[in-house]
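Turn these sequences into a full structure, and let the hints guide you.
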Amino acid sequence: MFSITALTFLTRDKGELLSSAHQSSGITPKFVNSLESELINSLSKARSIAVLLVDSLGIPDSKLNSSLGISDGYVYEDYVSRALENPLNNDTFGAQTRSRWFKDYIGPVLNGGSKL
Numbered sequence: 001m002f003s004i005t006a007l008t009f010l011t012r013d014k015g016e017l018l019s020s021a022h023q024s025s026g027i028t029p030k031f032v033n034s035l036e037s038e039l040i041n042s043l044s045k046a047r048s049i050a051v052l053l054v055d056s057l058g059i060p061d062s063k064l065n066s067s068l069g070i071s072d073g074y075v076y077e078d079y080v081s082r083a084l085e086n087p088l089n090n091d092t093f094g095a096q097t098r099s100r101w102f103k104d105y106i107g108p109v110l111n112g113g114s115k116l
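Counting from 1, one number per residue, gives the positions in the sequence shown under full-length UniProt numbering.
No wet-lab data here; the hints were simulated from the structure.
Heads up, some of the hints might be wrong.
List time: in silico EDC-like cross-link candidates among lysine to aspartate or glutamate, alpha-carbon distance up to 20 Å [to be verified]: (1) K30 to D13; (2) K63 to D78; (3) K30 to E16; (4) K45 to D61; (5) K63 to E85; (6) K103 to D91; (7) K63 to E38; (8) K14 to E36; (9) K63 to E77.
Each pair of labels, with its calculated beta carbon distance range [claimed, not checked]: (10) Y79 to A50: 13 to 23 Å; (11) L68 to S44: 17 to 27 Å; (12) L53 to F102: 37 to 47 Å; (13) S62 to F102: 30 to 40 Å; (14) L110 to G69: 37 to 47 Å; (15) Y76 to A50: 16 to 26 Å; (16) L88 to V109: 13 to 23 Å; (17) K63 to E16: 26 to 36 Å.
Keep in mind that this is a model prediction, so the values were computed, not measured.
Cβ coordinates follow ideal geometry from the N, Cα and C atoms, glycine included.
Written as structure tokens, this is what we have:
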């Protein structure tokens, strides 16, 4: 977890890290790219223990704010409840947004007028 935290901070602003790049310091564009690759590898390794780690820390569901990590086991019910609460899924705002997206993006593709 230390590696993930350190690599996250180092790769968060690669531009700043690259601006201090000097051959003598060992910080080269290749080195910076290798940091990002190492971060991805570290995240992949941690993935298998992520749920166990969160459970061991005893983080309450209210702090996690995640349907997938809910401790009562009602994952799908919570997921549907959250989806129904989302403004994009309500009858007024959601319908207007979906209509506009269809008109601007989906309709032209279906009618052959897409500029993509």
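Hints not upheld, ascending by number: Of the numbered hints given earlier, those the structure breaks are 4, 7, listed in rising order.
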